[in-house]
Structures are given as structure tokens and as C-alpha cells.
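Visitor: So the chains spell out like this:
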Amino acid sequence: MKHLDEYRDEALARALVDRLTAVAHHPWVLMEVCGGQTHSLVRYGIDGLLPAGMEMIHGPGCPVCVTPLEIIDKAIALAKIPGVILASYGDMLRVPGSQSDLLHAKAEGADVRMVYSPLDALKLARENPTREVAFFGIGFETTAPPNAAAVWQAARQGIRNFSLLASHVLVPPALRALLGAPGNRVQGLIAPGHVCAIVGLEEYQAIAREFHIPIVVGGFEPVDLLEAIVMLAEQLEEGRAEVENQYTRSVRVTGNPLAQKMLTDVLEVCDMKWRGLGEIPKSGLKLRADFAAFDAEIKFALAHNPVDEPAECISALILQGHAKPAQCPAFGTRCTPERPLGAPMVSTEGACSAYYQYRRHDIEAAQAELAAAGARA
Amino acid sequence: MTTPALACPLPIPADQLIVLGHGSGGRLSARLTEQVFLPAFRNAALEQLDDQAIVPVPGGRIALSTDSYVVKPLFFPGGDIGELAVYGTVNDLAVGGAIPKYLTVGFILEEGLPIATLQRIVESMAQAAQRAGVLIVTGDTKVVEKGCGDQVFINSAGVGFVPNGLTLGARQVRPGDRILLNGSLGEHGITILSQREGLELAGDLRSDAAPLNELCAAIVAAAPGLHAMRDLTRGGLSSALNEIATSAQVGIEIDDRAIPVTDAVRGACEIFGLDPLYVANEGKMIAFVPEEQAAAALAAMRANPLGADARIIGTVTEKHPRMVTLRTRLGTERIVDMLAQDQLPRIC
Numbered sequence: 001m002k003h004l005d006e007y008r009d010e011a012l013a014r015a016l017v018d019r020l021t022a023v024a025h026h027p028w029v030l031m032e033v034c035g036g037q038t039h040s041l042v043r044y045g046i047d048g049l050l051p052a053g054m055e056m057i058h059g060p061g062c063p064v065c066v067t068p069l070e071i072i073d074k075a076i077a078l079a080k081i082p083g084v085i086l087a088s089y090g091d092m093l094r095v096p097g098s099q100s101d102l103l104h105a106k107a108e109g110a111d112v113r114m115v116y117s118p119l120d121a122l123k124l125a126r127e128n129p130t131r132e133v134a135f136f137g138i139g140f141e142t143t144a145p146p147n148a149a150a151v152w153q154a155a156r157q158g159i160r161n162f163s164l165l166a167s168h169v170l171v172p173p174a175l176r177a178l179l180g181a182p183g184n185r186v187q188g189l190i191a192p193g194h195v196c197a198i199v200g201l202e203e204y205q206a207i208a209r210e211f212h213i214p215i216v217v218g219g220f221e222p223v224d225l226l227e228a229i230v231m232l233a234e235q236l237e238e239g240r241a242e243v244e245n246q247y248t249r250s251v252r253v254t255g256n257p258l259a260q261k262m263l264t265d266v267l268e269v270c271d272m273k274w275r276g277l278g279e280i281p282k283s284g285l286k287l288r289a290d291f292a293a294f295d296a297e298i299k300f301a302l303a304h305n306p307v308d309e310p311a312e313c314i315s316a317l318i319l320q321g322h323a324k325p326a327q328c329p330a331f332g333t334r335c336t337p338e339r340p341l342g343a344p345m346v347s348t349e350g351a352c353s354a355y356y357q358y359r360r361h362d363i364e365a366a367q368a369e370l371a372a373a374g375a376r377a
Numbered sequence: 001m002t003t004p005a006l007a008c009p010l011p012i013p014a015d016q017l018i019v020l021g022h023g024s025g026g027r028l029s030a031r032l033t034e035q036v037f038l039p040a041f042r043n044a045a046l047e048q049l050d051d052q053a054i055v056p057v058p059g060g061r062i063a064l065s066t067d068s069y070v071v072k073p074l075f076f077p078g079g080d081i082g083e084l085a086v087y088g089t090v091n092d093l094a095v096g097g098a099i100p101k102y103l104t105v106g107f108i109l110e111e112g113l114p115i116a117t118l119q120r121i122v123e124s125m126a127q128a129a130q131r132a133g134v135l136i137v138t139g140d141t142k143v144v145e146k147g148c149g150d151q152v153f154i155n156s157a158g159v160g161f162v163p164n165g166l167t168l169g170a171r172q173v174r175p176g177d178r179i180l181l182n183g184s185l186g187e188h189g190i191t192i193l194s195q196r197e198g199l200e201l202a203g204d205l206r207s208d209a210a211p212l213n214e215l216c217a218a219i220v221a222a223a224p225g226l227h228a229m230r231d232l233t234r235g236g237l238s239s240a241l242n243e244i245a246t247s248a249q250v251g252i253e254i255d256d257r258a259i260p261v262t263d264a265v266r267g268a269c270e271i272f273g274l275d276p277l278y279v280a281n282e283g284k285m286i287a288f289v290p291e292e293q294a295a296a297a298l299a300a301m302r303a304n305p306l307g308a309d310a311r312i313i314g315t316v317t318e319k320h321p322r323m324v325t326l327r328t329r330l331g332t333e334r335i336v337d338m339l340a341q342d343q344l345p346r347i348c
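These protein sequences, in sequence, are chains Y and U.
This note's numbering applies: residue 1 is where the first sequence begins, and numbers increase by one.
This note's numbering applies: residue 1 is where the second sequence begins, and numbers increase by one.
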């Protein structure tokens with residue numbers, strides 16, 4: 001298939017691995033930021049093709065994973081209000097909150113609909129004028145503009161029975177928190193291609209300067225990722241710390257001004273709790289006061305009940321590269337994608353879930369080896 | 001950044017209600033069978049957990065199978081609910097090595113359904129039965145109040161005759177077996193999804209609904225050492241392979257490059273964030289054949305129009321029992337897991 005096959009081509013990938021082996025002379029530790037990149041990396045086993053010693057740390061960029069439990073509980077409470085239709089993306093419906101998930105709420109009688117876009121939810125509101133339609137929208141700078149656009153349109157068209165339950169997070173504050181944490185191991189970043197397609201490169205240039213770290217904006221296919229890794233290795237070997245763009249077919253330096261305008265017109269920056277990382281100042285987006293009438297949290301006065309993460313989950317260590325999923329005693333036993341203890345096991349774009357789905361056999365073998373070594377000792 | 005505070009582990013999500021995932025053909029379906037149906041009905045035929053039960057009768061053995069059909073929309077490119085109800089049960093019998101003979105059909109109709117719609121479905125079923133060479137010999141009709149059903153639900157059950165000396169089943173599968181697939185994956189599931197979502201995709205997307213009994217009989221004739229066949233319906237190739245790996249206590253290795261998927265299906269899967277290995281089919285099957293008979297089986301499949309694009313996609317191994325692995329296009333290896341429930345389109 002055109003525009004896809006060339007980025008999954010074995011010969012191209014092999015050539016990039018050869019180039020990487022020729023270029024990289026040090027055990028560089030890199031992070032791919034976006035969950036889509038993590039998924040692709042694990043699915044195609046790309047980290048296994050890297051020269052010995054080089055390591056990939058899987059970043060915090062899975063939007064489903066980092067959505068706090070409280071907001072999922074709020075979505076479930078909202079869905080259960082009589083007269084409400086709760087619409088969301090498919091993969092949000094089965095993410096467990098502290099007690100249940102939206103699919104179970106649906107089984108109990110709540111009107112929960114799977115949609116492909118917030119504009120589909122807006123259409124539902126138009127078609128069901130006697131019902132309240134709430135869209136549960138989460139995600140990074142990629143999904144925020146369409147959600148903002150839906151609210152903007154609802155306001156312009158006077159669709160008063162539409163509202164947004166939003167949990168939007170921003171990538172740069174999380175990166176700053178990770179790179180600035182004591183004991184940070186990350187030496188190079190593959191920046192999230194689709195986020196950069198919206199926001200542009202400016203803020204990433206600031207991060208590269210602040211932390212003297214090379215950043216390559218990368219795509220999501222195997223050849224994209226390998227090329228980004230080669231570009232980072234070249235920068236690191238040469239002592240450079242610049243922002244380079246591997247994903248030129250989608251990303252422009254200035255990003256998408258129209259989407260940026262929609263973001264700033266409708267949403268504003270706020271403090272935000274991340275599942276797995278905790279509270280990060282100015283790392284989220286919420287609806288501006290002008291659009292309060294479309295804010296589901298305000299409209300339905302949803303209760304905020306803080307929920308603590310299970311202590312057993314070591315997601316903070318995993319997101320910082322201090323531990324691998326296999327080193328977690330709960331991995332695959334007390335923590336599975338069906339019953340996740342914490343963020344990285346929640347969606348297939350989280351590191352633990354991707355490992356569980358694609359390389360459980362390696363991990364089980366490693367765990368058995370560890371146990372055997374322990375028994376011998 | 002805060003360290004997670006000390007807290008009790010999360011309560012286990014309430015599992016007391018049926019959710020849609022229980023009908024997905026994935027792990028939730030399997031759990032329902034293990035925890036609800038098997039304990040109540042347990043017997044030797046049921047415990048095989050194949051697509052059909054093979055039971056002795058005076059003078060030989062028969063295969064029995066039943067399936068219910070709840071597809072929306074009722075009519076779609078390449079088929080309709082009536083065809084599915086005939087072919088689905090025919091195929092479940094055929095992959096057990098049986099010659100499908102007789103079907104029963106039960107209709108659950110929603111009050112208000114136009115009789116013309118029912119007629120269109122029934123005519124399609126008659127044609128499908130003729131194509132598959134089976135007779136619909138008895139049936140039943142119930143009508144439920146408007147709102148208590150969704151237009152038409154159909155149950156069909158079938159009987160087939162099992163040739164003497166032939167024993168197929170997941171538990172017959174052995175290390176060394178080659179795995180043969182009759183054609184490209186995902187056409188039915190993606191067609192239905194596109195219709196449901198009103199997505200107009202480029203390319204000719206049609207359901208692959210078809211009767212596989214002649215193809216199966218041809219494989220049986222060409223490869224007498226055949227160990228098992230499965231049709232790939234909901235849950236797709238991955239569910240079928242995982243079920244067999246578990247039943248036979250073997251490992252399975254497949255090669256991504258050998259698995260045919262059309263550009264139209266691949267394109268749609270990219271848009272929805274789905275994996276074709278998990279998407280439903282209605283005219284695809286796999287066969288487990290000893291290595292020395294694999295070439296003959298493949299030739300027999302390719303001689304049948306429904307197997308023209310047949311391939312050898314993998315091998316059964318002693319390594320990693322109960323696990324299915326895939327060699328990727330980059331030469332690396334990964335697991336093909338059984339999903340807990342349906343794939344859901346991803347957020348980004």
C-alpha cells in the first residue's frame with residue numbers, strides 16, 4: 001500500500017540498522033515519547049535490532065494510560081445520570097476507573113455510545129434535542145483541537161444539550177518533569193510526530209536548549225523510528241543537541257496555526273494530575289470560562305473524589321526508565337490489561353501493555369530464569 | 001512528580017453482568033464457556049470445544065453445530081444475515097470434516113419488521129442452502145415486542161455426516177504441522193464496520209461470506225493425514241490459532257509476510273486502528289496438515305475458487321506451548337495474543 005509499505009520495508013529497515021551500528025559507539029539511552037511509537041516499537045521488535053547497550057525508554061505519551069482514575073469515575077457517574085448520552089472513543093470505554101468501566105455502566109443501562117470524533121457526538125446532540133449529550137474527550141495536543149472545535153461549533157450553533165468532559169494533557173511539561181527528575185537517564189528524545197504536527201517545533205527547541213538534549217521529531221512506522229534513532233545517535237556522537245525533523249511528511253516547523261488558534265480560543269492551560277506521574281503544574285488544558293456552559297463537570301456538578309494509585313504499581317519507575325515491565329513482580333499476574341494496576345498497562349500504547357501483548361514469552365522466560373538463579377543462590 | 005501514595009489495590013471491576021465482550025469470541029467468551037456452560041453441561045463431546053460436536057449414532061458418526069446471527073446492517077456488500085446463517089453453520093460442520101446435510105432455522109422477529117425484508121432474507125437463505133448443498137428441513141418463528149429485538153435474529157443448527165475413519169479436531173494438531181490459510185483476511189469484519197460507520201472507503205470492500213464445505217472436502221481428500229480445520233469467524237485468525245494452541249498444548253509460529261490482506265482491508269484497519277489478524281471473516285479457514293502432505297493440500301485448496309489465494313502461513317512447534325508468535329516483516333518475533341474482547345478503534 002502506498003505511503004505505508006515504504007515505511008515498513010525490511011531492506012530499508014536493515015540498511016538503517018547497519019547505519020546505526022556504524023554510527024553509534026556508545027550505549028545511548030533514548031526515549032520515544034508517544035504511545036503510538038511505543039506500540040510500533042514493541043510490535044515490530046525494533047528495540048531488539050539496536051546495537052548492544054543502546055536502550056529505549058518508553059515515555060508517558062499514551063493518552064489513555066495517563067488519564068487519572070478520578071476522571072474515568074466522573075465519566076461513569078455522568079453516563080449514569082438519567083437522560084444523558086455519554087459518547088467517547090472506543091478505547092476509553094473499557095478503561096477501568098476505581099470501581100468499574102463505561103462498558104459495564106452500559107450493561108447496567110447507561111446510554112454509552114462509541115464515536116469516532118467529537119463532531120459525531122455533536123451530531124448526536126443535534127439529533128436528540130431532548131437528551132443531554134456529553135463527549136468524554138481526552139488526549140494530548142492532537143485530540144484537543146477537534147474537541148475544542150466541537151465546543152466552538154456547539155456555541156456558535158446554539159446546541160445547548162452538548163457538553164465536553166475533558167481531560168487534556170500537554171507533552172512538554174511532562175517531558176520537563178521527566179528530564180529534570182533526579183537520576184534522569186534519558187539522553188535523546190524521539191518527539192511525538194502528531195503532536196508536533198499541531199504545535200510545531202518551538203517548544204521542543206526550548207527543551208533541547210534547557211536540557212542540552214537532542215530531539216528528533218519522529219513518525220510511527222518502523223522505518224520512521226529507526227531513522228529517528230539514527231539521527232539521535234548521530235547528534236549524540238557529534239555532541240549536538242538540536243531539534244531535527246524526521247517526520248517531514250507531516251510536520252512543519254510552525255505546526256498547524258488553525259488548530260493552534262482553536263486550542264487557545266476555547267481552552268486554557270491548567271494544573272493536571274497524570275496517572276503514573278502525579279500532579280504536574282500547567283500540564284493540562286480546560287475549557288475557558290466563556291465556554292463554561294459546555295463544560296460537563298460544571299453543568300452536571302460532577303463530584304471530585306480523589307483516588308490513590310495502587311502502591312504496588314511501579315509506573316513512575318518505568319516511565320523514567322529505572323525499571324522495565326519484566327522487573328515488576330505484578331506484571332502479568334496481579335496486573336494485566338484486563339485488570340491494570342496502573343497507567344502503562346491500561347491501553348496497548350502503554351509500555352507494560354505492549355510488552356504483555358507482544359513479548360510475554362520473553363518476560364516469562366526472564367522471570368523463570370531469575371527465579372531459577374534465585375533458587376541456585 | 002509525586003510518588004504514588006500508599007493505597008489498597010484497586011477493587012476488581014464488577015464482572016457480574018454480561019457485557020458485549022462476552023460475545024466477542026475472545027477471552028471473555030472463553031471464560032463464559034468455562035465458568036458457566038461447561039460446568040452445567042459437561043460431557044465428552046462438549047469438552048472438545050471445537051466448532052462442532054461429533055457424536056456416535058448407529059452406523060457411524062454425525063456432526064452437530066449451532067450458531068446465532070445478530071448482524072447489523074442486515075444487508076451488506078457481499079451478503080446478508082440470511083447467507084451468514086446458512087454458511088456459518090455449514091462451515092462449522094465442514095471444518096470438522098463432516099458433509100453438511102440438514103439445517104434448522106429459528107427466527108426471532110421484532111414487531112414492525114416489514115415482511116418484504118423477511119422475504120428478502122429467506123430467499124437469500126434458500127439460494128445459500130442450494131449453493132452449499134444442504135436442506136433447511138425445519139424451523140421456528142417467534143415475534144418479540146418492538147424494542148425487544150433488533151429487526152431479525154436468526155439461529156441455525158445443522159447436521160452433517162462424518163466419513164468413517166476421519167477424526168479431526170484441535171487436539172489432533174501436532175508439532176511439525178503446516179498451517180494453511182485459504183485467502184486474505186478481514187474482508188467481512190471491515191465491510192460490516194464500514195457500513196455501520198457510514199465510512200466510504202476506496203476499493204472494493206465486500207464480505208467474503210461463502211460455503212467452505214467443498215473446499216474442506218477437497219483438503220480431506222488430498223491430505224488424508226489432516227489433523228484439524230477451523231473457520232475464522234469473530235476473533236479472526238488470532239482467536240482460532242490461540243484456541244488451537246491451547247487445546248493441543250502446542251506452540252504456533254506464523255509469518256506476517258505470508259498472510260494475505262488486501263489493500264482495502266489494510267487501509268481501513270489503519271484508519272480504525274485495528275489489526276487484520278483479529279478481524280472477523282465468513283469465508284476463510286485454516287488447515288493443520290502434516291509437513292509431507294502440505295503441498296498436496298495446498299494444491300487442492302488452490303484448485304478451488306475459494307482457495308485460489310491459499311498460502312502456507314506457519315508451523316506448529318514444540319516451543320512455547322499455548323502461545324502463538326508472529327515473525328514480523330522486519331524479521332523480529334512477537335506474540336499474537338488472544339484479545340479479551342472485541343478490538344475497539346483507537347483514539348489516535
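Treat the hints as calculated values from the structure; they're not laboratory data.
Keep in mind that a hint or two might mislead.
Only part of the chain U face toward chain Y is listed, based on derived beta-carbon distances under 10 Å [what the hints assert, rightly or not]:
1) R27
2) Q35
3) V55
4) V57
5) N155
6) D255
7) R257
8) A258
9) I259
10) G267
11) D275
12) R334
13) I335
14) D337
Note that beta-carbon positions come from the ideal geometry of N, C-alpha and C, so glycine has one too.
Visitor: Next, verify each hint and record whether it holds.
Guide: Hint by hint, here is what the structure shows:
1. R27: holds, 8 Å
2. Q35: Cβ of Q35 of chain U sits 15 Å from chain Y, so the hint is violated.
3. V55: With Cβ-Cβ at 35 Å, over 10 Å, it is violated.
4. V57: violated, 41 Å
5. N155: Hint violated; N155 of chain U Cβ to chain Y Cβ min 23 Å, cut 10 Å.
6. D255: Violated, because the Cβ-Cβ distance from D255 of chain U to chain Y comes to roughly 12 Å (cut-off 10 Å).
7. R257: holds, 8 Å
8. A258: With a minimum Cβ separation of about 14 Å from chain Y (threshold 10 Å), the hint on A258 of chain U is violated.
9. I259: Where the cut-off is 10 Å and the nearest Cβ of chain Y is about 14 Å from I259 of chain U, the hint is violated.
10. G267: holds, 6 Å
11. D275: holds, 9 Å
12. R334: holds, 4 Å
13. I335: I335 of chain U check passes; min Cβ-Cβ to chain Y is 5 Å, inside 10 Å.
14. D337: holds, 5 Å
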